[in-house]
Amino acid sequence: MKNPDAALVLAAARAGGALPPDRLPASLVAQADEVAHVAGRSLVECDCPWPAPAGALGLPGPLGRALVLGWSEAPVPEELGTYPVTRLTPTQTITFALCLAQAWPDPSMPLYPGRPFERAEILDMAGDIGLDVNFAKAALDGELQWLLLIVREGRRLRLGPAVAALPDTFAETMRRFHNLLPGPDVAPPTWEDEDAWPTWEAQDAPPMWEDEDE
9 MKNPDAALVL AAARAGGALP PDRLPASLVA QADEVAHVAG RSLVECDCPW PAPAGALGLP
69 GPLGRALVLG WSEAPVPEEL GTYPVTRLTP TQTITFALCL AQAWPDPSMP LYPGRPFERA
129 EILDMAGDIG LDVNFAKAAL DGELQWLLLI VREGRRLRLG PAVAALPDTF AETMRRFHNL
189 LPGPDVAPPT WEDEDAWPTW EAQDAPPMWE DEDE
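So for the sequence shown, the working numbering puts the first residue at 9; every next one is plus one.
Simulated from the structure, these hints should not be mistaken for laboratory data. From the three backbone atoms N, C-alpha and C, an ideal C-beta is built for every residue, glycine too. Check the hints yourself; a few may be wrong.
Calculated cross-link-like contacts (lysine to aspartate or glutamate; reagent style EDC-like; alpha-carbon spacing at most 16 angstroms) [unchecked claim]:
(1) Lys-145 x Glu-129
(2) Lys-145 x Glu-126
(3) Lys-145 x Asp-132
Simulated restraints on C-beta separations [to be verified]:
(4) Glu-129 x Thr-177: 24 to 32 angstroms
(5) Asn-142 x Asp-30: 35 to 43 angstroms
(6) Arg-73 x His-186: 36 to 44 angstroms
(7) Gly-150 x Thr-181: 39 to 47 angstroms
Based on the provided sequences and hints, a complete structural model is requested.
In structure tokens form, the structure reads like this:
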């Protein structure tokens, strides 16, 4: 990044999903964080495998520190209405909820980074609760990784830097409803109740497939 300023740092973090902090002066990171807070955002430092860009080909490298553009306590994207928001389909939402349940079994612990989990575990549970396994595979290998909600760590998966960027209010809400996360003993709503299932909203994301039947 040639001659970076605070605005360029924030733009790079937003566009790439994560930014290596060790390439930037600490004073510049602090300045960018101050600018972000004015807009209700914040720079969050977390672990991320490199290369980090969503959709990168090949196996990820070792974990390294990363800066992601997170949300402050308020406002959040749906309240602002000024940022493009992508909605996951119900299958993608439930698949992410399965990942969340595996990575975060103890709600008294911090949500991020959680523990690594096996892809096969998620697919087995998807089948057990009646979720289309092919769509769950597509979510695990595609959208959820492109959005950095999950990342690969060797042969396993873990929660991604986009989860670290979520406001604390998200974690507090999920703690209250942790027992409702889908798993072997908790099935999601039936497709007849699909309108009642909350959709996951991801900011700054590439377009999603809206119709799973196509």
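We went through each hint and held it up to the structure:
Between the alpha carbons of Lys-145 and Glu-129 the distance comes to roughly 11 angstroms, so the proposed pair stays at or under 16 angstroms and holds. For the suggested pair Lys-145 and Glu-126, the alpha carbons sit about 12 angstroms apart, so the restraint of at most 16 angstroms is met. Only pairs whose Cα atoms come within 16 angstroms are accepted, and Lys-145 paired with Asp-132 is accepted, the gap being roughly 11 angstroms. Hint check: Glu-129 to Thr-177, Cβ distance near 28 angstroms, so the stated range 24 to 32 angstroms holds.
Between Asn-142 and Asp-30 the Cβ separation comes to about 40 angstroms, which falls inside the hinted range of 35 to 43 angstroms. Taking 36 to 44 angstroms as the suggested C-beta distance range, the pair Arg-73 and His-186 does not conform, at roughly 28 angstroms. In this structure, Gly-150 and Thr-181 break the distance hint of 39 to 47 angstroms, their C-beta atoms being roughly 26 angstroms apart.
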